[in-house]
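Chemist: As a plain string of letters, each chain reads:
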Amino acid sequence: MKLSGAEIVVETLIEQNVKTIFGYPGGTVIDIYDQLQKKNDRITHVLSAHEQGAAHAADGYARATGEIGVVLATSGPGATNLVTGIATAHLDSVPLLAITGNVSNSLIGRDSFQEIDISGVTLPITKHNFIVHDVNELADTLREAIRIAKSGRPGPVLVDIPKDIQQAKCEFNYKAPVTRTEGEPASEDMVHEAARMIADANRPYIYFGGGAVRAGAGALISELADKIDAVIGCSMMGLSELPSKLDRFLGMQGMHGHYASSKAMAKADLIIAVGVRFSDRATGDAQKFSAGARKIHIDVDAAEIGKNVKVNLGVSCDIADFLRKLIDMVDYKRNPNWMTKIEKLREQEKEQEITDFLPEQAIKAISEIVEDDTEIVTDVGQHQMWAAQYYDFKKKRTWISSGGLGTMGFGMGAAIGSSFGSGKRSVLVTGDGSFGMNLNELATAVAYNVPLTVVVFNNGVLGMVRQWQTLFYNKNYSNTTLTDRKTDFVKLAEAFGCEGYKATNEAEFREVFEKAYKTEGPSVVELIIDKDDMVFPMLRPGGSYDHLILDKEDKA
Amino acid sequence: MNRNSYVVAVYVENKSGVLMRVTSMFNRRGFNIDTLTVGETESPEYSRITLTFSGDQDDLAQLVSQLKKLYNVKKVEVINAEAGIRRELLLIKVKNSSETRGDLRDAVSVFKAKIVDYSADALCLEVTGDSTKINNFIDNMKPFGIIEMCRTGIVALERGPESILTK
Numbered sequence: 009m010k011l012s013g014a015e016i017v018v019e020t021l022i023e024q025n026v027k028t029i030f031g032y033p034g035g036t037v038i039d040i041y042d043q044l045q046k047k048n049d050r051i052t053h054v055l056s057a058h059e060q061g062a063a064h065a066a067d068g069y070a071r072a073t074g075e076i077g078v079v080l081a082t083s084g085p086g087a088t089n090l091v092t093g094i095a096t097a098h099l100d101s102v103p104l105l106a107i108t109g110n111v112s113n114s115l116i117g118r119d120s121f122q123e124i125d126i127s128g129v130t131l132p133i134t135k136h137n138f139i140v141h142d143v144n145e146l147a148d149t150l151r152e153a154i155r156i157a158k159s160g161r162p163g164p165v166l167v168d169i170p171k172d173i174q175q176a177k178c179e180f181n182y183k184a185p186v187t188r189t190e191g192e193p194a195s196e197d198m199v200h201e202a203a204r205m206i207a208d209a210n211r212p213y214i215y216f217g218g219g220a221v222r223a224g225a226g227a228l229i230s231e232l233a234d235k236i237d238a239v240i241g242c243s244m245m246g247l248s249e250l251p252s253k254l255d256r257f258l259g260m261q262g263m264h265g266h267y268a269s270s271k272a273m274a275k276a277d278l279i280i281a282v283g284v285r286f287s288d289r290a291t292g293d294a295q296k297f298s299a300g301a302r303k304i305h306i307d308v309d310a311a312e313i314g315k316n317v318k319v320n321l322g323v324s325c326d327i328a329d330f331l332r333k334l335i336d337m338v339d340y341k342r343n344p345n346w347m348t349k350i351e352k353l354r355e356q357e358k359e360q361e362i363t364d365f366l367p368e369q370a371i372k373a374i375s376e377i378v379e380d381d382t383e384i385v386t387d388v389g390q391h392q393m394w395a396a397q398y399y400d401f402k403k404k405r406t407w408i409s410s411g412g413l414g415t416m417g418f419g420m421g422a423a424i425g426s427s428f429g430s431g432k433r434s435v436l437v438t439g440d441g442s443f444g445m446n447l448n449e450l451a452t453a454v455a456y457n458v459p460l461t462v463v464v465f466n467n468g469v470l471g472m473v474r475q476w477q478t479l480f481y482n483k484n485y486s487n488t489t490l491t492d493r494k495t496d497f498v499k500l501a502e503a504f505g506c507e508g509y510k511a512t513n514e515a516e517f518r519e520v521f522e523k524a525y526k527t528e529g530p531s532v533v534e535l536i537i538d539k540d541d542m543v544f545p546m547l548r549p550g551g552s553y554d555h556l557i558l559d560k561e562d563k564a
Numbered sequence: 021m022n023r024n025s026y027v028v029a030v031y032v033e034n035k036s037g038v039l040m041r042v043t044s045m046f047n048r049r050g051f052n053i054d055t056l057t058v059g060e061t062e063s064p065e066y067s068r069i070t071l072t073f074s075g076d077q078d079d080l081a082q083l084v085s086q087l088k089k090l091y092n093v094k095k096v097e098v099i100n101a102e103a104g105i106r107r108e109l110l111l112i113k114v115k116n117s118s119e120t121r122g123d124l125r126d127a128v129s130v131f132k133a134k135i136v137d138y139s140a141d142a143l144c145l146e147v148t149g150d151s152t153k154i155n156n157f158i159d160n161m162k163p164f165g166i167i168e169m170c171r172t173g174i175v176a177l178e179r180g181p182e183s184i185l186t187k
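Chains as they are written, first to last, in this note's numbering: chain A, 9 to 564; chain B, 21 to 187.
Warning: the hint list may mix true and false statements.
Stated by the list, open to error - Straight-line C-alpha distance at most 30 Å; calculated DSS-like pairs for lysine-lysine: (1) A:Lys296 / A:Lys341; (2) A:Lys303 / B:Lys89; (3) B:Lys94 / A:Lys183.
Derived from the structure by calculation, the hints contain no laboratory data.
Using the sequences and the hints given, assemble the complete structure.
Modeler: As structure tokens, then:
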């Protein structure tokens, strides 16, 4: 059958099992929107308030489901508004398909109205991108874009479609949904070498990240740790792959990681790194990072091996396959001295606990009140670190947060997208700074009655930058105080058409949060916290784990 | 760390914008590319980029694996010094005068260069060879007065009967 390019776009998405897409119309995508409306019984389009919100929503959808997220925008400003969302997905390896319209081929290169070279703009922040110059190639290009986005180490792919291609007609035939290409199977030699290194080690530490989440490798990691008597830690991107309360799991390590987890990593004699990329936020000074430990690095992306940290054994392959073979090959082993040491670190961590810390109380209250499969979405800053530190994760893929790019304003879109993806209620933990960036998406949440509880930690400052200013910039609080803003978050919520609540202490918070959580549709809870609350422990940027800053008085 | 110069051959799909994708990656990752040439190959589907790059072994491994991640890159091969034939072409315009003409002719003959354009005031010369020879030739031309020059950057093939595309 002969279809127009616009129809092919929609039919190909449906063919590839895309159920929901996010976007915003404009001049060069009217044809596609025309078709979306006609086929809305088979594909749902969610209209955002701003293209950035749509991009983050597609990203949140992908993180919650593991399926590809799709965003659609018009040319020019529509396309450039996607850029932060695409970059966020790129840095966190999220499978995302961004479709943009462009001006007709005859107008390209003439600085036409709303013309931008979005392929050029997004070159360094996409896994790959395409411009479609021939309608006959449109369907296969979209299929290939989806395959690339999902395969190996996932990432964003952009397809730019000029308007005349959307209007041109050609033959269209359905094809089967593309399957993702996994990494190579693990080679026996490499597994053997890893097993030998494990046999030689007395203080093993398994360190996993987003790649392990992608591979769903939590159970394998836990099984390996049991067999070789290792402890487990994760990067921020690894959160929720294992339950927080799992016995061998010390939690997140890194700049604001748990004390015992970071310290154990520094004291280990073998680090088995699974699906991580050794970001500077995780390693501090890469030269000094766990210098005494031998390192095994398993990642699906060969370019990650040796990129940031030198390793003794680097393996690029399907990590689940590697772990399965390794579990079979390693000998059962006990490391009693290591476990004693770990117990000590855990006790030290306990001793550092402070009481009556409202951010912690609030996160713990959320943990207790919500269902186990509620997604915890965050923006970026102190609230994000508190959520990462104190939330009690029970189910996989319930942590949705911008790690690599650290995108303030990520949360509103991502939370909407994750709710659409999972069909479950999500809770956005945000700050007054981050929320201020994309709170326009409350309009979207209200329009679609999205089950979303927004918790705004309001300290009237850009807390994380202020924390750095306090610790490293002689308390020169340049441009981080927001108290001149007169935003009333309760009224703001009401103005957007949802309920707003305010709390100033733990008891109030518990009460209003529970109420908000049980309210159908979206709602906003504002929690007033102190502007000088800080996130600890803290690794000085570029520092080493020998010196963790533990509290406000600590000048380590 | 030992900094070396490496020659890397890259087969890429013969499509518009591919060179930009490759060079954009170099720029983003901060690789030091010294020379880069691109041209047709035995297969119309592919172009071959030959680049020289300074760094240590780790940098080289990183460069190769980053290149392999690019969608349009089909094959990446490091051409090692022993097994590779490396050539560069230089076009150089030098001042010509009756006093220097004889010395210039001598240099041209020793370096197996060719005179490709002649006027009373200037000679245009062409010379091919490895980079050391080209550098030496340029040094020899300096006293005569170099008016203008351009060099292609290195192209390289491995010795033996195989193509790196199919091996």
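Chemist: Could you run down the list of hints and mark each one as holding or not?
Modeler: Here is how each hint holds up against the structure:
no. : hint                : result
1   : A:Lys296 / A:Lys341 : 29 Å, holds
2   : A:Lys303 / B:Lys89  : 24 Å, holds
3   : B:Lys94 / A:Lys183  : 26 Å, holds
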